[in-house]
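So the sequence lines, in the order shown, correspond to chains A and B.
Counting along the first sequence from 1, when you hit position 28 you're at 28 in this note's numbering, and nothing is skipped either side.
Counting along the second sequence from 1, when you hit position 80 you're at 80 in this note's numbering, and nothing is skipped either side.
Hints listed in this document are in silico derivations from the structure and should not be mistaken for laboratory results.
Ideal placement from N, C-alpha and C gives every residue a C-beta, glycine not left out.
Wrong hints could be hidden among the right ones.
Ranges of calculated distance between the beta carbons of each label pair, as one might list FRET restraints [what the hints assert, rightly or not]:
1) B:Ile-23 / A:Thr-278: 53 to 61 angstroms
2) A:Gly-62 / B:Arg-73: 36 to 44 angstroms
3) B:Tyr-72 / A:Gly-62: 20 to 28 angstroms
4) B:Phe-58 / A:Pro-186: 26 to 34 angstroms
If you want the building blocks of each chain, they are given just below.
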Amino acid sequence: MSEALASLLTALADDELILGHRHSEWTGFAPHIEEDVAFSSIAQDEIGHAAALYSLLAQRSGGDADGLALGRDAAAYRHAVLCERPNRDWAYTLARHWVYDTADAIRLEALHDTADEDLRALVTKMSREERYHLIHADAWIERVAAGPVEGRMKLEDGLKEAFEEALGLFEPIEHEEKAVHEGYLPLPSSELARRFRELAANKLDELGVQTEIYSRSDEAAEFVASSSGDLIASGDEHAESQPERARGLGGRSGHHSDEFQDLWDVMTSTYRNNPGATW
Amino acid sequence: MDVYEVFRRGGHKEPFEHCGSVIAPDSEMGLLMAKECFLRRREGEHLWLVRRTDIHSFKDESLLEIAADKSYRFAHAYRDVVKKRDKARERARELGETG
Chain A
1 MSEALASLLT
11 ALADDELILG
21 HRHSEWTGFA
31 PHIEEDVAFS
41 SIAQDEIGHA
51 AALYSLLAQR
61 SGGDADGLAL
71 GRDAAAYRHA
81 VLCERPNRDW
91 AYTLARHWVY
101 DTADAIRLEA
111 LHDTADEDLR
121 ALVTKMSREE
131 RYHLIHADAW
141 IERVAAGPVE
151 GRMKLEDGLK
161 EAFEEALGLF
171 EPIEHEEKAV
181 HEGYLPLPSS
191 ELARRFRELA
201 ANKLDELGVQ
211 TEIYSRSDEA
221 AEFVASSSGD
231 LIASGDEHAE
241 SQPERARGLG
251 GRSGHHSDEF
261 QDLWDVMTST
271 YRNNPGATW
Chain B
1 MDVYEVFRRG
11 GHKEPFEHCG
21 SVIAPDSEMG
31 LLMAKECFLR
41 RREGEHLWLV
51 RRTDIHSFKD
61 ESLLEIAADK
71 SYRFAHAYRD
81 VVKKRDKARE
91 RARELGETG
């Protein structure tokens with residue numbers, strides 16, 4: 001199969017699996033019993049999407065979906081760093097949920113025109129669930145943003161954290177040019193990022209939250225927000241050559257945080273105990 | 001005048017079920033009408049009246065469709081687990097005997 005398509009499927013699947021895993025850590029601990037069930041369902045949806053994407057990849061390249069999901073070294077994963085961050089608190093979780101599902105909606109919309117027929121069918125299926133995920137995320141952050149003050153402040157903190165690393169979702173995938181050229185990725189990641197920034201700026205404006213959302217540590221992946229909520233981002237094609245990687249970048253080339261190592265240890269422990277077992 | 005939806009319960013442990021609607025100027029009048037329309041032959045022992053505008057539903061019902069395979073939410077998807085567990089126990093026993 002095309003290495004560009006393999007790269008695209010891996011990035012998509014890994015995003016869904018790792019975020020789904022983080023979401024699932026709320027099971028039994030969410031701040032509201034009905035929401036515990038709802039959020040766990042969303043976690044299952046995301047992991048289900050990952051399973052479908054891994055199956056497609058396995059069909060084309062040999063191997064099996066379980067092996068792809070759980071049998072790789074940590075450095076072989078290509079999800080955005082944002083997905084692997086610990087849940088921290090409910091506000092950060094909601095903020096990341098919103099950032100991710102907004103980004104995912106934009107990505108899936110573009111993938112409706114992908115050159116691969118099976119992926120196209122899968123995207124149609126996934127979009128139906130992702131649409132609901134975004135409605136869920138919207139509903140939550142709108143209510144928390146409306147107050148009381150403590151929740152609103154926590155949400156602002158969470159959004160700031162999540163936005164700082166959002167660009168990592170739109171970091172070019174491996175073989176990006178080829179993926180665009182061959183039509184698997186109908187729009188380049190930079191265009192998807194532009195659409196995300198536009199949507200995100202509107203949303204923050206609508207919420208009326210503090211929009212001084214910017215990247216602290218670097219200029220490579222900067223989200224600068226004016227008081228009107230307009231986000232300005234500056235990209236840097238030479239991030240690879242920088243000694244210190246920009247916050248939230250590197251995931252698409254397998255550079256992950258220690259936090260991911262912890263997640264990987266837990267997530268793959270059963271599989272590693274008995275590789276190839278069927279459950 | 002408002003439209004009220006009427007729910008009726010057949011017995012103490014039964015769930016309330018929708019049985020029809022009445023048009024009435026207020027809930028008190030609505031209850032009297034519902035009693036005559038829906039409970040006159042002892043079809044149940046309790047009535048609820050809910051103003052139709054107080055009932056909420058998804059504007060887009062396609063959100064309720066299940067898009068992907070959710071077999072893992074059903075017990076039958078785990079039927080094999082018992083067999084596999086027995087097999088694993090047997091294997092563990094054998095290993096115990098030979099080891």
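Requested in this report: Return holds or violated for the Cβ distance of Gly-62 of chain A and Arg-73 of chain B against the range 36 to 44 angstroms.
Outcome: Because 30 angstroms falls outside the window, the suggested range is violated.
**Report entry** Whether the CB-CB distance between Ile-23 of chain B and Thr-278 of chain A falls inside 53 to 61 angstroms
**Finding:** Cβ of Ile-23 of chain B to Cβ of Thr-278 of chain A: about 60 angstroms, so the range 53 to 61 angstroms holds.
Requested in this report: Given the range 26 to 34 angstroms, decide if the beta-carbon distance of Phe-58 of chain B to Pro-186 of chain A lies inside it.
Outcome: For Pro-186 of chain A against Phe-58 of chain B, whose Cβ atoms are near 31 angstroms apart, the range 26 to 34 angstroms holds.
Requested in this report: Kindly confirm whether 20 to 28 angstroms is satisfied by the beta carbon distance between Tyr-72 of chain B and Gly-62 of chain A.
Outcome: For Gly-62 of chain A against Tyr-72 of chain B, whose Cβ atoms are near 25 angstroms apart, the range 20 to 28 angstroms holds.
Checked against the numbered hints listed earlier, the structure breaks hint 2 alone; every other hint is satisfied.
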